[in-house]
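Chemist: Sequence:
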Amino acid sequence: MKVLIIEDEARIARRIERMTNDFFEGNASISIIDSLKKGIDFLEKEAINILLLDLNLNGRDGFEVLSSITSRSFQTIVVSANTENALRAFELGVLDFVPKPFDRERLFIALSRAVTVKKENNSSIRYLSIRKSGSIKLIELDQVFYIQGAGIYSEIHLLDGTKELHDKGLDTLEKILPLGFERIHKSYIVNIIQADRILVSSGSRYHLQLKNGEVLPIGRSRYKGFRELFEKKVD
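Here the sequence shown is numbered in my numbering, starting from 13 and rising by one per residue.
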């Protein structure tokens with residue numbers, strides 16, 4: 013996941029960076045830019061997934077960033093004290109408006125929305141391709157139980173008890189998998205249809221029990237967002 017923070021106050025920029033890094037459990041490439049012009053130049057050259065944007069950049073209007081970029085494939089989250097501009101932000105296609113001062117929980121909600129929207133855009137994907145001995149094998153996504161990180165590769169656990177090794181890591185697969193496949197931990201992506209129950213232990217430790225009885229850890233920073241998705245599934 014590639015994230016750009018455009019914020020002219022260094023202290024706030026570092027705070028946003030720290031929280032964003034916690035949300036993605038260290039699995040995000042985060043850049044910080046402190047001016048309007050540098051931000052526009054960066055976006056014209058680099059592809060990103062999420063933009064975290066302040067609206068007052070050394071006295072200049074942060075909305076100029078959005079109006080200057082003609083083709084946007086990223087989600088924008090405004091982080092600003094200028095709440096009177098919230099309506100204008102949504103009219104320009106901003107995904108969420110996080111008012112300053114903000115806390116960790118509020119920023120996490122916005123980041124969860126950005127990840128969910130990206131997955132919805134991938135909803136037409138039905139297969140994963142596995143390269144095997146000069147051939148390509150297609151795996152139906154509804155046959156996947158969960159996916160486990162294996163270094164730069166990923167181990168796909170299937171409903172029939174077999175495993176397949178994918179030549180891409182979890183970070184890459186997370187970007188292309190559709191809604192219903194959720195990253196619950198730095199080492200695991202699960203097919204939420206196969207989730208049975210969430211287990212809560214002392215010391216704020218969380219686990220997910222799958223329908224086959226296997227138990228996987230849930231990262232603390234991902235627990236709240238995943239719990240909300242799980243509760244919707246149960247309902």
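Heads up, a few of these hints could be off.
Claimed, not checked - Okay, derived cross-link-like pairs now, DSBU-like style, lysine-lysine, Cα gap no bigger than 35 Å in a straight line:
hint	residue 1	residue 2
1	223	236
2	14	187
3	149	112
4	144	112
5	112	175
6	223	112
7	57	14
8	198	180
9	149	49
10	244	175
11	57	187
12	14	180
13	244	57
14	244	50
15	175	57
16	223	198
17	223	49
18	187	223
19	187	236
Think of the hints as simulated: they come from the structure by calculation, not from any bench. Predicted model, so just to flag it, every value in this text is computed and none were measured.
Chemist: Taking the hints in turn, state whether each one holds.
Modeler: Going down the list of hints, with the structure as the test:
Among the hinted pairs, residue 223 with residue 236 is consistent with the structure: their alpha-carbon atoms are about 21 Å apart, no more than 35 Å. With a CA separation close to 11 Å, the supplied pair residue 14 and residue 187 stays within the 35 Å bound. Distance hint between residue 149 and residue 112 is unfulfilled; the C-alpha atoms sit about 49 Å from each other, more than 35 Å. Note on residue 144 and residue 112: the hinted pairing is violated, with a Cα-Cα distance of about 51 Å set against a maximum of 35 Å.
As the CA atoms of residue 112 and residue 175 are separated by approximately 46 Å, the hinted pair breaks the 35 Å bound. Note on residue 223 and residue 112: the hinted pairing is violated, with a Cα-Cα distance of about 42 Å set against a maximum of 35 Å. Taking the CA atoms of residue 57 and residue 14, the gap is near 13 Å; set against the 35 Å cutoff, the hint holds. Of the supplied pair hints, the one linking residue 198 and residue 180 holds, its CA atoms being roughly 15 Å apart against a limit of 35 Å.
Straight-line distance between C-alpha atoms of residue 149 and residue 49 comes to about 47 Å, which puts the hinted pair past the 35 Å bound. Distance restraint check for residue 244 and residue 175: the Cα-Cα separation of roughly 29 Å lies within the 35 Å cut-off, and the hinted pair is therefore satisfied. Only pairs whose Cα atoms come within 35 Å are accepted, and residue 57 paired with residue 187 is accepted, the gap being roughly 20 Å. Under the criterion of a C-alpha separation no larger than 35 Å, the hint pairing residue 14 with residue 180 is consistent with the structure, at around 17 Å.
The suggested pairing of residue 244 with residue 57 is violated, with an alpha-carbon distance near 39 Å, which exceeds 35 Å. For the hint linking residue 244 to residue 50, the alpha-carbon distance of about 41 Å lies beyond 35 Å, and the restraint is violated. Between residue 175 and residue 57, the direct Cα distance comes to roughly 39 Å. Violation of the 35 Å bound is thereby established for this hinted pair. Proximity of residue 223 to residue 198 is assessed by CA-CA distance (about 21 Å); at most 35 Å being required, the pair is judged to hold.
Taking the CA atoms of residue 223 and residue 49, the gap is about 52 Å. The hint is violated against a cut of 35 Å. In summary, the hint linking residue 187 to residue 223 is supported, as the alpha carbons are separated by about 25 Å, within the 35 Å threshold. Our distance criterion of 35 Å between C-alpha atoms is met by residue 187 and residue 236, whose separation comes to about 20 Å.
Comparing the model with each earlier hint shows violations of hints 3, 4, 5, 6, 9, 13, 14, 15, 17; every other hint is respected.
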